[in-house]
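Asker: The chain contents come next:
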Amino acid sequence: MRFKQPSVLPGFNLAFGYTIVYLSLLVLIPLSALVIKTTSLSLAEFWQVVSSERVVAAYQLTFGASLIAAVINLFAGLLVAWVLVRYSFPGKRIVDALVDLPFALPTAVAGIALTTLYAPNGLIGEQLAKLGIQVAFKPLGVVVALTFIGLPFVVRTVQPVLQDLEAELEEAAACLGANRWQTFCKIIFPAALPALLTGFTLAFARAIGEYGSVIFIAGNIPLESEIVPLLIIGKLEQYDYAGATAIATVMLLISFVLILAINLIQWWHARRHGMRK
Amino acid sequence: MQAVSTTAVRSAATQEAVWVCWLLLTGALLFLGFFLVLPLVSIFAEALRKGWALYWEALKEPDALSALQLTLTVTLISVPINLVFGVAAAWAIAKFDFKGKSLLITLIDLPFSVSPVVAGLIYVLIFGAQGWLGPWLQAHDIKIIFAVPGIVLATMFVTFPFIARELIPLMEAQGTEEEQAAMVLGASGWQTFWKITLPNIKWGLLYGVILCNARAMGEFGAVSVVSGHIRGMTNTTPLHVEILYNEYNFVASFACASILALLALVTLVAKTWVEWQTERQMAAERAAVYET
Chain X
1 MRFKQPSVLP
11 GFNLAFGYTI
21 VYLSLLVLIP
31 LSALVIKTTS
41 LSLAEFWQVV
51 SSERVVAAYQ
61 LTFGASLIAA
71 VINLFAGLLV
81 AWVLVRYSFP
91 GKRIVDALVD
101 LPFALPTAVA
111 GIALTTLYAP
121 NGLIGEQLAK
131 LGIQVAFKPL
141 GVVVALTFIG
151 LPFVVRTVQP
161 VLQDLEAELE
171 EAAACLGANR
181 WQTFCKIIFP
191 AALPALLTGF
201 TLAFARAIGE
211 YGSVIFIAGN
221 IPLESEIVPL
231 LIIGKLEQYD
241 YAGATAIATV
251 MLLISFVLIL
261 AINLIQWWHA
271 RRHGMRK
Chain C
1 MQAVSTTAVR
11 SAATQEAVWV
21 CWLLLTGALL
31 FLGFFLVLPL
41 VSIFAEALRK
51 GWALYWEALK
61 EPDALSALQL
71 TLTVTLISVP
81 INLVFGVAAA
91 WAIAKFDFKG
101 KSLLITLIDL
111 PFSVSPVVAG
121 LIYVLIFGAQ
131 GWLGPWLQAH
141 DIKIIFAVPG
151 IVLATMFVTF
161 PFIARELIPL
171 MEAQGTEEEQ
181 AAMVLGASGW
191 QTFWKITLPN
201 IKWGLLYGVI
211 LCNARAMGEF
221 GAVSVVSGHI
231 RGMTNTTPLH
241 VEILYNEYNF
251 VASFACASIL
261 ALLALVTLVA
271 KTWVEWQTER
281 QMAAERAAVY
291 ET
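From first to last, the protein sequence lines are chains X and C.
By the UniProt record's numbering, the letter at position 181 of the first sequence is numbered 181, and the numbering carries on one by one without gaps.
By the UniProt record's numbering, the letter at position 93 of the second sequence is numbered 93, and the numbering carries on one by one without gaps.
These are calculated hints, taken from the structure and not from any lab test.
Possibly wrong hints are sitting among the right ones.
Computed list of lysine to any residue pairs in SDA-like fashion (alpha-carbon distance at most 25 Å, straight line) [as the list claims (entries may be wrong)]:
hint, chain 1, residue 1, chain 2, residue 2
1, C, K143, X, G234
2, X, K4, C, K101
3, C, K143, X, D240
4, X, K186, C, T14
5, X, K4, C, R165
6, X, K130, C, L38
Quantities reported herein were computed from a predicted structural model and do not represent experimental measurements.
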């Protein structure tokens, strides 16, 4: 079989060649530099870096907080998508547009705004402090920032699915005697599940790598509220390139696993709906 | 009158009880209010806390102006380059069938999943003083890391997939019939592209540019690694916000942040407008199909 199917349209070689060259120069070669640099470390050295107490604590915080934030977004995102698709209320278009704010707002700006709100003397932080809850400069602050960053992912992946869901399905369920809750659990939720999982994974992947919005609110206390990307920057500032590279390689591996997970979810979704080519 | 109503076509059986509607709506709006509206409002409130005079003072400061200038320069370089790439990649992927297509799409998406800090780090490893090309660059007196070229590279990396990502599904859905017809009628390749393909994808392209632009202006993590934070030289506006904030100069920090927040709001409005235009175009096309 040949590499490319014949076509009357011109420009494939130029467009394809340009794509490959640009992709290689900007993304693939630099990323492989990271992997090659890591191989200059011996396995023992690599292990010593990534298993040190401070690094392990940072991985635990980054994963834990990202997971909690993604779970919050899973539920809140479904709720917001549902409200935006099913109900009409004044200002709906504005609310719909505003959901993308975390995509549009620079992360550093989001970070200082959230820190000001949740600091012990801030608008929300002060109220929470009376209840004995401290958000800013604690791991909880990391969760708040990551929830903000991940919010649009679930909403924007679930929204089109809810929109395209045929009303006939729900009507049939109602005719067969299902109440609303049963219809939701057995008809609507399964239909939205692949999109929910995709949105969840996207939010999770974004949260793990997030830097700008977190560093202000986290307080960056070693072993308590220090995230992995900050550790990489810390190592770089001490000219410990090998250490930074080792930590970054682990992050890169995790990114690859998550990309694989997203592709698997979409493949599963396509197969279930018989849309495979 | 009921303020909250569901779509008219839905019958009572496929409709939640009114109290459930209200509960869900209130829950969603409260969540969005706390997580989106309050932070947004607080940026402007903090920036204007000490009055307009100090606000203007902070914005007119030379370092703030040069940071804004650098941010705009970097955006103006990186967005067009990624625009050309996005169109080329979408042309190759959407209009032709070849082996390994889905792998190529996955690779193009890669920068979305890589942490911005890692994105900055890889360029330091190549162009930095101790990097692969470091000694050669130093011998020829070329500065990339801790200089503007590094910031442009890092920005190009993080905004790399945006335009291609918008165009590939759009151009795949449009198929190749129109282009084939143009070619059969004797148009050249470029004529076909400028007169057939480009008008068809203009809204998708604009949408991608808007998203790419917003990210390019706001990128923080990747730029922070390669910039070196030299005031008035390699400081972009997001980095300037950080420096001022860490110096406890909150009013100035939030003043610069408010400019970025305004740009974000402009982005949202432009995005909504483009979505609206696309919907209108699609509705017009559907109507045309029904008439014929």
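Asker: With the threshold set at 25 Å, check whether the alpha-carbon distance from K4 of chain X to R165 of chain C stays at or below it.
Answerer: 22 Å, holds
Asker: Do the alpha carbons of K143 of chain C and G234 of chain X lie within 25 Å of each other, as the hint requires?
Answerer: Given pair K143 of chain C, G234 of chain X holds - Cα atoms ~22 Å apart, limit 25 Å.
Asker: Hinted pair, alpha-carbon criterion (25 Å max): K143 of chain C, D240 of chain X. Please report holds or violated.
Answerer: 21 Å, holds
Asker: Taken at face value, is the distance from the CA of L38 of chain C to the CA of K130 of chain X at most 25 Å?
Answerer: 20 Å, holds
Asker: Run the distance test for K186 of chain X versus T14 of chain C: straight-line Cα separation, threshold 25 Å.
Answerer: It holds: about 14 Å lies between the C-alpha atoms, which stays within 25 Å.
Asker: Need the status of pair K4 of chain X, K101 of chain C: alpha-carbon distance at most 25 Å?
Answerer: Within the cut-off at roughly 10 Å; holds.
Checked against the numbered hints given earlier, the structure satisfies every one of them.
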